[in-house]
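> Dock chain W against the given chain D, drawing on the hints supplied.
These protein sequence lines map, in sequence, to chains D and W.
Throughout the first sequence, residue numbering follows the numbering used here, covering 9 to 472 in sequence.
Throughout the second sequence, residue numbering follows the numbering used here, covering 330 to 643 in sequence.
Any given hint could turn out to be false.
[Said to hold, decoys possible] Here are some of the chain W residues that sit facing chain D, going by a computed Cβ distance under 8 Å:
no.: 1; residue: 425
no.: 2; residue: 427
no.: 3; residue: 454
no.: 4; residue: 455
no.: 5; residue: 457
no.: 6; residue: 461
no.: 7; residue: 487
no.: 8; residue: 491
no.: 9; residue: 492
no.: 10; residue: 638
Rather than coming from a laboratory, the hints here were simulated on the basis of the structure.
Using N, Cα and C, we set each Cβ at its ideal position, and we do this for glycine too.
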Amino acid sequence: MSEQYQARIPIYPRSVKGRFRNLKWAVLALAYGVFFLLPWLRWERAFGPDQAVLFDIPGRRFYLFNLLVHPQDIFWLAAVLIILALLLFMVTGLAGRVFCGYFCFQTLWTDVFMAIERAIQGDRGARMRLDRSGWTAGRLLKKGATHAVWLGVAFLTGLTFTLYWADAPALTAAFFTGQAPFAAYATTGLLTLTTWLLAGVLREQVCTYMCPYARFQSVMFDRDTLIISYDRDRGEGTAGRATLRDGGRDLAARREGGVGDCIDCDYCVQVCPVGIDIRDGLQYQCIHCALCVDACDAVMDRLKWPRGLVRYTSEHALAGQRTRLLKPKTLGYGVPLLLITLLLAWGVAHQAPLDASVSQVRQPLFVRLSDGSIQNSYEIKVNNKTQYPMTLEVRVSGLDGAVLDMGRIEQVTLMPEHRTTLLARVRYQAPPGAARQQALVFELVPVMPEGLDPVLVGSQFILR
Amino acid sequence: MNEPGHEQQSAPGKPGEVETTGHVWDGDLREYNNPLPRWWLWSFYATVVFSLIYWLLYPAWPIAGTYTKGIAWINYEVEGESQRSHWNSRALLVRDMQTGDAAVRQREFLQVIAEADHDTVLSDTDMLAFVNSYARGIFGDFCAACHQTGGAGIIGLYPNLADDNWHWGGTIQAIEQTITRGRMGYMPPYRETFDDQQADAVAAYVLSLAGHEGGDPEQVSLGGSIFQGYEGGCYACHGREGLGLKSQGAPNLTNDIWQNIDVTGAQSHAERQALVRDLILRGVQREMPAFGDRLSPAEIRVLATYVHQLGGGL
Numbered sequence: 009m010s011e012q013y014q015a016r017i018p019i020y021p022r023s024v025k026g027r028f029r030n031l032k033w034a035v036l037a038l039a040y041g042v043f044f045l046l047p048w049l050r051w052e053r054a055f056g057p058d059q060a061v062l063f064d065i066p067g068r069r070f071y072l073f074n075l076l077v078h079p080q081d082i083f084w085l086a087a088v089l090i091i092l093a094l095l096l097f098m099v100t101g102l103a104g105r106v107f108c109g110y111f112c113f114q115t116l117w118t119d120v121f122m123a124i125e126r127a128i129q130g131d132r133g134a135r136m137r138l139d140r141s142g143w144t145a146g147r148l149l150k151k152g153a154t155h156a157v158w159l160g161v162a163f164l165t166g167l168t169f170t171l172y173w174a175d176a177p178a179l180t181a182a183f184f185t186g187q188a189p190f191a192a193y194a195t196t197g198l199l200t201l202t203t204w205l206l207a208g209v210l211r212e213q214v215c216t217y218m219c220p221y222a223r224f225q226s227v228m229f230d231r232d233t234l235i236i237s238y239d240r241d242r243g244e245g246t247a248g249r250a251t252l253r254d255g256g257r258d259l260a261a262r263r264e265g266g267v268g269d270c271i272d273c274d275y276c277v278q279v280c281p282v283g284i285d286i287r288d289g290l291q292y293q294c295i296h297c298a299l300c301v302d303a304c305d306a307v308m309d310r311l312k313w314p315r316g317l318v319r320y321t322s323e324h325a326l327a328g329q330r331t332r333l334l335k336p337k338t339l340g341y342g343v344p345l346l347l348i349t350l351l352l353a354w355g356v357a358h359q360a361p362l363d364a365s366v367s368q369v370r371q372p373l374f375v376r377l378s379d380g381s382i383q384n385s386y387e388i389k390v391n392n393k394t395q396y397p398m399t400l401e402v403r404v405s406g407l408d409g410a411v412l413d414m415g416r417i418e419q420v421t422l423m424p425e426h427r428t429t430l431l432a433r434v435r436y437q438a439p440p441g442a443a444r445q446q447a448l449v450f451e452l453v454p455v456m457p458e459g460l461d462p463v464l465v466g467s468q469f470i471l472r
Numbered sequence: 330m331n332e333p334g335h336e337q338q339s340a341p342g343k344p345g346e347v348e349t350t351g352h353v354w355d356g357d358l359r360e361y362n363n364p365l366p367r368w369w370l371w372s373f374y375a376t377v378v379f380s381l382i383y384w385l386l387y388p389a390w391p392i393a394g395t396y397t398k399g400i401a402w403i404n405y406e407v408e409g410e411s412q413r414s415h416w417n418s419r420a421l422l423v424r425d426m427q428t429g430d431a432a433v434r435q436r437e438f439l440q441v442i443a444e445a446d447h448d449t450v451l452s453d454t455d456m457l458a459f460v461n462s463y464a465r466g467i468f469g470d471f472c473a474a475c476h477q478t479g480g481a482g483i484i485g486l487y488p489n490l491a492d493d494n495w496h497w498g499g500t501i502q503a504i505e506q507t508i509t510r511g512r513m514g515y516m517p518p519y520r521e522t523f524d525d526q527q528a529d530a531v532a533a534y535v536l537s538l539a540g541h542e543g544g545d546p547e548q549v550s551l552g553g554s555i556f557q558g559y560e561g562g563c564y565a566c567h568g569r570e571g572l573g574l575k576s577q578g579a580p581n582l583t584n585d586i587w588q589n590i591d592v593t594g595a596q597s598h599a600e601r602q603a604l605v606r607d608l609i610l611r612g613v614q615r616e617m618p619a620f621g622d623r624l625s626p627a628e629i630r631v632l633a634t635y636v637h638q639l640g641g642g643l
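For reference, chain D alone in the conformation it holds in the complex (with noise of 0.2 Å):
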């Protein structure tokens, strides 16, 4: 009987230089910056808090920049989600699992506490032979410096995803005198415990065994996309690849001998943050950093041959055949990605400074009054969305001769952010023969500030 559980392979990835790194390190560079600078950001409002980006929930509004989002605005939500889908279906169909290798904040983050494991352990050799030795005090020293830093990134992370939920200097205050909310310290305390573990510890596992984009990304490929691939049939030639001890040195003469440019180095495998020979094949581990690409490119530059043994290539491309990147399915997903981003924008851009509702109170749907006329009822929601104070009249047109009385409410002033729920009457002396149900529309009128729009809401009138 074989093993039906598989203890874990260590996996000692060694470091490289070269292109890619250093694309991956700017963009490592750019994401923590806005990740950990952003929440401190100042912004100037009239009314509402100084923070650039706040997510507010008990008060239910996001403050991004000048742009304040409402829990009405779902529907942005569902369209920045549907644009996030499509964007990575898109950039997989053309381009391989770029988001896994570049973007990805487990990419991200395990990157970074590698190289605080470099740091302290030393490069590949070292930390193997550091495993291998007993535990002794200088072991003991570094395994737990490395720990130590780790856990310090990751309660840097985690405080300041905290950050953004409330006023940063305010809450980091708070935070460090007890006086913080149990919510600010459990959410630091998770995330700083699951940086740890997912980062430091469990690291290719979650690509591997944990997150289902890294699987189904897999089904987006087809034989034009952009993948990280060793040229086989270079690599290989008829007899196989050899050592630079068994194969020489010479390029033309190994390719005379039908040996392929591959030296076996093995450098492509030692780099891989994920553990597998990117010779073998297309793999579902791979992540796309492109780290062997950088490896097997250093070693070419080293023996003066050209580069691109292992390479950003296609299927198609690696058969000779042309990689056709203009086809139905790009059009597929890009044609939606750019209407939904042009609807969100417009969405956006052409946000409602006023947000009313008019809902007619249904038990009873009219009553009699004694001076014969019929009065109707409704309940009106009005929410100012603005970040300044505004003051509104309520109008009814629309029916002549219909009475509206608000009681002693004149006008209605709401403070920004603010929503309230009116009740208005509306009375109406029907001509005989009139229709049983009258068209009616609301007028609510902003007298403060000039400027704005009136809002008008249809509903009926039922006089019998």
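Chain W only, in chain D's frame:
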């Protein structure tokens, strides 16, 4: 039937090959072995441990008519009295309703409104919005059984609260009084006093007060003299003009609002006259119970304000 055969289990050799368990069915059906990571197994054990702790703490297993209650508990207050129970979400809800932030804020604002004067409340959109939403709940619990949701009432049984016609007065004070102390409405039956002719005449007069044309002028005039005279004495409560008397709960007869009979729904003048005549002969006796010891003064205040607003004030 094919017994599973055995062959040497195989380890992957070439890329793309998968390890097999060595089980073979039907000669060529092999079982792949893609082993789960061991930490996955440990995660599973961890969830088992979690559920054991959970069972220990919280209500979990049904046993015959009862269930394991767990050792976690919850303290809560019901009207100032502290209670303790095993942890359950119903007690959590009670605690939220009694001492939760929102419940406390709601009670505080209720008190603010109860202590404010009527004019302030009626001119403040936020207070009115609170009144309308808070009192609607009380109305649903205590009033709607008779007066119906929204206060529409039922003709002949319970008065309509959504119009502008008030038997006992429509000011907030008057409505508060009605709710707190209750009301007894009484109109004596006239079947012993009037003969059919007299009753018909008074009915014709009353309809003419409300503006219903088509009555026999002689009947109307006879009815008027009975109404205004010693014989009927109707004026004593309904007034000389028929405008009613709020201290008696006597309705205004000069409008076309009828709480006890469906006059506006009748098809002909004769039908209307018959309805009014029957009412005069039958009399009316109605009672609204007192709610003074069932609702707090603050609740009565917001309820009265709500009812006052339904019809649009006086």
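> If a hint holds in the structure, say so; if it does not, say that too.
The hints, checked one at a time:
1. 425: Cβ of residue 425/W sits 16 Å from chain D, so the hint is violated.
2. 427: violated, 21 Å
3. 454: holds, 5 Å
4. 455: With a closest approach of 6 Å, the residue 455/W hint holds.
5. 457: Check passed: Cβ of residue 457/W comes within 7 Å of chain D, closer than 8 Å.
6. 461: At 6 Å from the nearest chain D Cβ, residue 461/W passes the 8 Å test, so the hint holds.
7. 487: violated, 13 Å
8. 491: Where the cut-off is 8 Å and the nearest Cβ of chain D is about 5 Å from residue 491/W, the hint holds.
9. 492: holds, 5 Å
10. 638: holds, 6 Å
When held up to the earlier numbered hints, the structure conflicts with 1, 2, 7 and fits the remainder.
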